[in-house]
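**Student:** Since the structure of chain P is provided, determine the placement of chain C on it from the hints.
Listed here are the chains, written in short residue letters.
There are 2 protein chains.
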Amino acid sequence: MKIFHQPKELQEYALNCKRSGKRIALVPTMGFLHAGHASLIDIARERGDEVIVSIFVNPTQFAPTEDLDKYPRDFENDCKLCEAHGATAVFAPQPEDMYASDRSIWVDETVLSKVLCGKSRPIHFRGVLTVVSKLFNLTLPDVAVFGKKDAQQAIIIKRMVRDLDFPVEIVLGDLIRDTDNVAMSSRNRYLTEDERVRARSISQSVFAAEAKLKSEGVKAVSEVIDDAVKRISNAGGVVDYVEVRDADNLEEPTSNSKELLFAVAAVFGTTRLIDNCFVKL
Amino acid sequence: MKIFHQPKELQEYALNCKRSGKRIALVPTMGFLHAGHASLIDIARERGDEVIVSIFVNPTQFAPTEDLDKYPRDFENDCKLCEAHGATAVFAPQPEDMYASDRSIWVDETVLSKVLCGKSRPIHFRGVLTVVSKLFNLTLPDVAVFGKKDAQQAIIIKRMVRDLDFPVEIVLGDLIRDTDNVAMSSRNRYLTEDERVRARSISQSVFAAEAKLKSEGVKAVSEVIDDAVKRISNAGGVVDYVEVRDADNLEEPTSNSKELLFAVAAVFGTTRLIDNCFVKL
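Going down the list, the protein sequences come from chains P and C. Under our numbering, the residues of the first sequence are numbered 6 to 286, in order. Under our numbering, the residues of the second sequence are numbered 6 to 286, in order.
Excised from the complex, chain P in its bound form (with noise of 0.2 Å):
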């Protein structure tokens, strides 16, 4: 397994792969790999001659007053996780290399990022967007893998995608859950013992509302939301947001909508948590 950490020396390996008609997937990650990013190596190893896992915790998606200094880091583990899950490359850069001092470009996103996660979290999807790009310009993917875990980002990266016309096919992977159902999160080590046993709260929340939805449709939105927020405020968790939405346009879910997302953000302490699923009508 090859590992990079100047982004032009990984283009021009990327550009060579390409030229001789081999297929790139992509797994861009922040590291502190779990099992959750393995699920989803494992999927771009079916679908590419070459596996490139990026690590790379991206400053501009991070507000001044969110984590980006304490987000848990461990190159070394992360490296063992991606060779034996078939990963022919690691591409893990030093924001320096990724940033020119005086960069001014931005990919930004009008709609979809205006609401869930980019309502509390205004510049965040900015910051995805801008270094997706990047990194799909670095990789030359036919196959990009996201999780449905961050279920907008993978939302606006395949609006990204079809707009901006990338030549990369998006693939998502499943929500992955540790034995106690709670959706793996590299962040997820930020919590005290006891917030991890009442954070637990927000998947039962979710399990909860998918067979209310699937069951009941539409109809079951407020009533669903309700349940989640009291569950989780009854944990101790402070909530951030839980909505329905229509799944392919982030709206508010209508008669016509084909899918809905559930979504969840909460805060246990001082780490904020994400959660959702998906339920096809």
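Nothing false has been slipped in among the hints.
Stretch-level coverage of chain C by chain P, calculated; a stretch enters the list once three of its residues show a Cβ under 8 Å from a Cβ in chain P:
#1 24-32
#2 140-151
#3 159-169
Derived by calculation from the structure, the hints in this document are not laboratory data. Quick reminder that beta carbons are idealized off the backbone N, C-alpha and C, glycines included.
**Tutor:** Same frame as chain P, but now just chain C:
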């Protein structure tokens, strides 16, 4: 020479070229091609195995008050010119095939686009960068050729390529003048015979500024600006701007500047014309 109207068909073609190791050169245009465009295609012909000329009057770079509807078009003649200069493919999409009605992604520039033409055309460069990103993703060029006539555009596109890591070399073709020294432009066709004669004041001011800046450098800046404003006003033109900028960052020039951009925009009748020169110090 192949002609594509559908974005995805062109992209498939470009991907196959890329995978078989061919070098692709792109010349993005808005059509109604003249000798200036021809010179860009000639450069592309030297640089690429495949030479793709895009012909697309991009609606998102025109404000509602601008000349989108009357912008001149002559597809048949354009194709003849492209073929005569060795283009291997023309890409001429319809706006509705380039832009989804619910499009929501923009590529934006936040510094260089705020001066010169960007001041009087605030949405222009966002439209340009968005469509050029799309064209890059659809044609996968190794080289893209732009004209120095649109000096600010060229500088901003170079910035985009740098900041988003597009694997594209940007090559700039010289500004080409007609026999009366008016800069070639598809918009010249809007000029009456009388306006055309008076519009010579623009290139005359460029030549005067070029000579003065070459011999006297930054200290001649205010003098060449005054001189140009006088020449153009005396000829009945309405000056939008006459400015001298550092050609690297479009900031006010300093004693450290290595190259200057002298740039003019002025309106004759109802036609806005631009002209410029680069002066190495």
